[in-house]
Amino acid sequence: MFRTLIRYLLNRKPDCMQHLFWALTFLLITIQSSAQTKKLFKIVEHGKLGFIDQTGRTVIPPKYKNGDDFSENLASVRINGNYGFIDTNGNFAIPPQYDFATDFKNGIARVYSEGQPIFIDKNNKRILPPVYKSIVFISPEKAIVQTSTGNKGIINLKTGQLIADTIYSRLGPFTNGISVVEKVDKKDEDRAPGYAVIDTNGKLIVPFDKYRDIRNFTNGYARVEIKHETDDDSENGFIDARGNFIFQCTRKNKSYVSGSFYDGLAVISLYKYWIPEEKGVYMSSDKSYQGYINLKGDVVLNDVSNRYVYDFSNARAFVEDDSRNFRLIDTKFNTIGKDTFDGVQNKGFRNGYAIVEKENGWGIIDTNGNFVVAPQFQRIAECGITDSCFFYAVRKKDDDFMYGIANMAGKIITQPIITEFDHSGFQNGLLLTTVNNRLTYFDKEGNIIWQEKKYPRNTLDTLDIDFMNRGYFYAHSENYKTDIGGFGGSGNNPHTVSTEDLPDGLSITVDTKKTDTFQHLYAGFHVILANRTKKKILFSAQDSRLYMRVQAKDKDGIWKDIEYLPSSWCGNSYHTLTLAPDKYWEFRTPVYSGEYKTKMRIALNFKNPRSTLLSPRKQQKAIYSNEYDGSINPGQFSNKRAYYPGGLMDPYND
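So that you can map any letter, position 446 of the sequence shown is 462 in our numbering, and since no number is skipped, the others follow by simple counting.
Simulated from the structure, these hints should not be mistaken for laboratory data. Heads up, a few of these hints could be off.
[To be verified] For each label pair, taking beta carbons as the anchor points, the in silico distance ranges come out as:
| # | residue 1 | residue 2 | range |
| --- | --- | --- | --- |
| 1 | N235 | K530 | 53 to 61 Å |
| 2 | C586 | K530 | 35 to 43 Å |
| 3 | H492 | G587 | 41 to 49 Å |
| 4 | K243 | K54 | 55 to 63 Å |
[To be verified] Below are the BS3-like pairs computed for lysine-lysine, each with C-alpha atoms no more than 25 Å apart in a straight line:
| # | residue 1 | residue 2 |
| --- | --- | --- |
| 5 | K571 | K551 |
| 6 | K243 | K199 |
| 7 | K270 | K312 |
| 8 | K54 | K64 |
| 9 | K158 | K219 |
| 10 | K551 | K530 |
| 11 | K312 | K55 |
| 12 | K55 | K656 |
| 13 | K64 | K656 |
| 14 | K460 | K79 |
Built from N, CA and C at the ideal position, the CB exists for glycine as well.
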């Protein structure tokens with residue numbers, strides 16, 4: 017099953033406008049343990065999870081359906097549908113009894129029972145009241161807690177007493193002991209939220225209502241928005257970690273500051289205001305350029321030849337001219353080295369090195385601009401340098417990249433045979449990768465310490481997971497005048513109904529006797545959404561994804577979603593699709609498997625043709641498919657996995 021999870025994550029269809037960081041496909045297997053006596057590593061054989069040591073010797077035989085890495089000498093594992101915790105000898109320290117469980121940190125783990133989070137210690141004792149749904153550690157003794165209503169505060173984990181009451185709608189992250197907080201007036205929700213700054217003891221550093229907005233602190237400084245008393249306009253400025261106002265940003269000549277300070281300097285956008293504008297034009301991008309300001313608010317670099325400048329790191333920064341050539345400068349704006357570069361990865365230095373491109377390929381320079389690894393590679397992975405190693409790439413005929421490992425001396429450790437790898441690098445001396453579609457561990461010398469065995473597959477895998485699946489019912493239709501909203505894209509076009517077997521009206525049919533593949537790897541059932549009415553039917557959609565999801569009955573016989581539809585902040589994600597009379601869409605839904613046998617169905621929300629703007633509650637209708645037998649795991653009712661947006665073009669947060 018665990019191997020199935022990896023394949024499933026590697027082959028998920030991306031949303032419109034979305035390119036997932038594919039390194040996150042290792043999310044289930046790359047969060048390594050800390051402070052444990054035995055360094056153990058997860059492996060998968062025949063769909064079961066076990067553990068090996070650094071030599072590749074099997075310490076705990078593969079027998080679990082899923083699990084996490086060891087942390088604080090315990091690992092959460094799933095067996096017979098439930099989670100418990102084992103020690104490094106494979107003995108259960110906490111018997112299997114939970115729907116889902118996370119690893120221990122500072123002696124506390126979050127587990128789930130019947131969809132409700134519970135915080136336990138290593139003796140399996142509940143340590144926090146049920147009102148708290150999540151915690152984020154500030155230190156081993158303090159944590160941010162969140163209630164079921166979404167309010168946040170600070171708790172002393174040793175005493176269980178609140179240090180700061182749960183009155184904040186936003187709290188954290190803490191940087192150097194301080195955090196921006198936000199409070200919404202529940203009595204007047206139309207009123208703008210208030211912002212303040214507190215320390216880890218809950219003491220106010222900056223009071224509420226002093227600033228219209230406060231951004232998170234970076235390197236001891238935060239940008240604030242200052243409200244004018246006479247009008248609705250505002251100005252920006254900066255404060256330090258003590259709440260002292262440093263300076264007010266100027267907007268003179270259409271300049272503005274949108275970033276933060278690094279090495280005492282921040283990027284400022286400037287404008288060639290002296291060149292007359294064309295009629296009807298307020299600003300044009302070809303007259304924009306960038307420079308730097310200091311902590312006094314003075315513009316200290318104003319050079320129109322610098323189209324873009326980037327944040328400082330290690331007292332170095334790159335500037336880019338109109339020809340897209342990059343050069344390296346110091347904090348006094350002196351050019352460092354003689355080279356210019358065609359590209360700069362991550363636009364800066366990390367730990368004293370930068371990955372840059374010349375016409376011969378990508379290489380690595382130090383802060384003096386000298387190449388420590390000659391430019392020769394087609395690509396170097398964005399994760400950069402870890403443990404004095406980096407990952408280079410070679411493009412294959414199908415335009416995919418294969419990765420190899422090299423060290424900072426330029427020595428090739430492995431040939432480019434790796435398709436995926438843990439982007440956090442070597443953990444306790446081993447690197448997790450995928451080679452020839454098999455999970456593989458390398459040591460730092462390039463030796464294969466362990467590799468998943470191949471075994472014959474006579475049937476497709478079922479999908480055995482313990483989290484809510486993300487919606488996947490994508491469709492496309494012709495453009496109709498009645499369609500509204502943004503746009504989306506899908507190759508799933510409607511077909512013409514050519515059989516009388518489908519029900520009259522609008523219907524969803526799950527054919528469990530007709531199986532196929534789901535996302536090319538798993539067993540799937542055929543699903544048909546058919547319109548056998550005489551009218552076109554309008555469906556709400558999000559990046560071509562219909563509001564369709566699989567449901568299952570819980571132990572009380574209540575229908576609950578086991579799939580969820582993510583939310584997008586981008587207005588263009590939302591649009592409508594139209595299904596004409598006697599047309600249908602065809603889909604696949606996975607054949608789920610688990611320890612809990614139940615009834616299943618598919619639910620769909622769509623536009624009510626009788627709805628009006630004056631009756632919003634009637635704007636949506638729901639239909640359901642036929643019921644069918646299935647099996648799932650308890651975690652699928654409530655465990656929504658963490659999601660990490662794949663960049664600016666990924667508008668999803670869940």
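Now the hints, each set against the structure:
At about 59 Å, the CB distance of N235 to K530 agrees with the hint of 53 to 61 Å. At roughly 36 Å, the beta-carbon separation of C586 and K530 lies within the given 35 to 43 Å, and the hint holds. Remark: the range hint 41 to 49 Å for H492 to G587 is contradicted by a beta-carbon distance near 20 Å. Here the CB-CB span from K243 to K54 is close to 57 Å, well matched to the stated 55 to 63 Å.
With a C-alpha separation of about 39 Å, the suggested pair K571 and K551 falls outside the 25 Å cut-off, and the hint is violated. Annotation: proposed proximity of K243 to K199 holds, straight-line Cα distance about 17 Å (limit 25 Å). Proximity of K270 to K312 is assessed by CA-CA distance (about 19 Å); at most 25 Å being required, the pair is judged to hold. The straight-line distance between the Cα atoms of K54 and K64 is roughly 21 Å, inside the 25 Å bound, and the hint therefore holds.
Distance restraint check for K158 and K219: the Cα-Cα separation of roughly 14 Å lies within the 25 Å cut-off, and the hinted pair is therefore satisfied. Between the alpha carbons of K551 and K530 the distance comes to roughly 29 Å, so the proposed pair goes past 25 Å and is violated. Between K312 and K55 the alpha-carbon distance is near 50 Å, which puts this suggested pair outside the 25 Å criterion. At most 25 Å may separate the alpha-carbon atoms for a hinted pair to count; K55 and K656 exceed this at roughly 29 Å.
Using a Cα cut-off of 25 Å, the hinted pair K64 and K656 holds, with the two alpha carbons roughly 23 Å apart. Annotation: proposed proximity of K460 to K79 is violated, straight-line Cα distance about 29 Å (limit 25 Å).
The earlier numbered hints that this structure contradicts are 3, 5, 10, 11, 12, 14.
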